[in-house]
Amino acid sequence: MVNKTKYHNDLKKDAGIIVLVLGLLFFSETFVFYRIMSTLWDAVPEVRIIFPVYLLFLMLLLGIETIGCITVYKSIKEHMYDFKYYE
Amino acid sequence: MSGNTNSEHAGVVKTLRPYHVWALGVGIVLVGEYMGWNFTVAKGGILGSLFALLVAGTMFVMVSLCASELGSSTKLAGGPYDWARLFVGPGAAALVGLAVYMEFIALESADAIVVASITSSIFPEIQTFPVTLLIIAFLTFMNYRGVVAALNLNFALTFTALIAIIVFFFANITGFAGTWHPEYLISGAMPNGFIGIFAALQFGPWFYLGIEGAAMCAEECKHPTRAVPLGQQAGMITLLLGSGMTLYICSGLIPAAELGTSVYPLFEAATSTGSTFLIAALGIGTLFTCLASANGTVCDASRSWFALSRDKFLTNWFADVHPRYSTPYRAVIFTMPIAIAFAFSGFLDQVITFSIISGLICYVMIPFSLIRFRKLFPEHSQKVRPFVGPLQPTLAYITIFLAIVIMSTLNWGYGFNLIFGLLFYVIAYFYFSWRYKSIEINHDWGEDLGWPEPSHRR
Chain A
1 MVNKTKYHND LKKDAGIIVL VLGLLFFSET FVFYRIMSTL WDAVPEVRII
51 FPVYLLFLML LLGIETIGCI TVYKSIKEHM YDFKYYE
Chain B
1 MSGNTNSEHA GVVKTLRPYH VWALGVGIVL VGEYMGWNFT VAKGGILGSL
51 FALLVAGTMF VMVSLCASEL GSSTKLAGGP YDWARLFVGP GAAALVGLAV
101 YMEFIALESA DAIVVASITS SIFPEIQTFP VTLLIIAFLT FMNYRGVVAA
151 LNLNFALTFT ALIAIIVFFF ANITGFAGTW HPEYLISGAM PNGFIGIFAA
201 LQFGPWFYLG IEGAAMCAEE CKHPTRAVPL GQQAGMITLL LGSGMTLYIC
251 SGLIPAAELG TSVYPLFEAA TSTGSTFLIA ALGIGTLFTC LASANGTVCD
301 ASRSWFALSR DKFLTNWFAD VHPRYSTPYR AVIFTMPIAI AFAFSGFLDQ
351 VITFSIISGL ICYVMIPFSL IRFRKLFPEH SQKVRPFVGP LQPTLAYITI
401 FLAIVIMSTL NWGYGFNLIF GLLFYVIAYF YFSWRYKSIE INHDWGEDLG
451 WPEPSHRR
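These protein sequences, in sequence, are chains A and B.
Residues in the first sequence are numbered consecutively from 1, following the numbering used here.
Residues in the second sequence are numbered consecutively from 1, following the numbering used here.
Hints in this document: simulated from the structure, not taken from any laboratory.
Hints should not be assumed to be uniformly reliable.
[Stated by the list, open to error] Here are the simulated DSSO-like cross-link-like pairs (lysine-lysine), alpha carbons at most 27 Å apart as the crow flies: (1) A:74 with A:6; (2) A:4 with A:74; (3) B:383 with A:84; (4) A:4 with B:383; (5) A:4 with A:84; (6) A:84 with A:12; (7) B:383 with B:437; (8) B:383 with A:12; (9) A:13 with A:74; (10) B:222 with A:84; (11) B:222 with A:4; (12) B:383 with A:13; (13) B:437 with A:6; (14) A:84 with A:13; (15) B:437 with A:74; (16) B:383 with A:74; (17) A:74 with A:84.
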């Protein structure tokens, strides 16, 4: 018999880890991106031309990683009882 | 390595958890934040480096998702080699096996060169090359004797090195460690124009090279369908964190011209702060990551060579397992002359370039294996595909495209290396395809993996 309370608590821990590292990733990548771009914005005029490409890849990177993490969470939730993940 | 014939992994104990998968991936790759990535600055300045970080990062996030799906489905220790063997064909499998071998051997040489350079800078009377040889010999001996204890030590070394980067970053942004110089960024923003920014992509993979190796412990995981995707994604996020922090710290603490040629940029950045604690932490971090990475690469490269030999792509002589230490000792010893040959050049960028070319071959083949896998087994079932990656196979196609684009940028400065590397792999592909024709393939999906027959055979 599966202990559902334990499973839900452990699933929450997995979700907590994912949210924590994703939060840190969003903070660090946007901070680094903002500091470098804002430093160079006025001094290097070419930055304005290529800025959209940088922004596109930043959004792709963070977006795909977020979708990937959500998928991992959903997969764990879907299979946790079948494969007895938290035994 | 294929699970059905691998004597070394037969009956392995399934105890590994998500943090082990994380540690295996990050352990080999974190060295990329400590050295090598800064050649992006030499090509395209700070803007080139940021571009390379973002584009290569996007590609590796997608590679990780492909590896998560393939690793948690097949649950085999061979990783990219096994995926190509199962879903593409023997020629492609041998090609990937050889590319993984070369990628990791070149990485081992690069690590040894950096450790020797640090030693020589501390003790100027010592020459670099003899120390490089000594390190390669020592690591070969460690792996000859067995790697379990060495890999456990790797985890501790890697974690220490990661904490050093995070502490340095937060100490710097809160004003406790050195002054961040905006003028360094402005003077070195884009020294070679737009072409330089694009050319910087060639060293971008160094930030994350080898993360797909995390899925190679799937066979030994207690719950691979949870451990592989979770550990792989956590590892990828860790590397993205480390790369962003490293670029930020180094670009504001070291002038771009010096940063582009530095052998150990994070250590130099720490030195510029004057903080004894940070100098010690980053110096130890550099040594630790190089040793941990080199040790892990000897392990992975020798297993790849062993698998090629065991599956009859090479002479069977390399497939012997040591009676006492249970290691593929001949394959381990054979890593030494190849690593020394790479190290003999003494040029870190040349060695890194060959490792990147080999890695990019894998990054074309991994998503291609996923596309083939989904065509062979289109249904989503717990047995065949318990973890279904998002947005596939679209992401797989984009990954292949980005890997080819990044490979093409090697044309700027490393055109001959690129031609030689591709020629080497094309010849290897045809040689192995020809060699394998004489061997009868007895592969049964049900017997080997417990899967139904592929869709086209039903």
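Open item on the list: Hint compliance check: list the failing hint numbers for this structure, sorted ascending.
Closed with: 7, 13, 15
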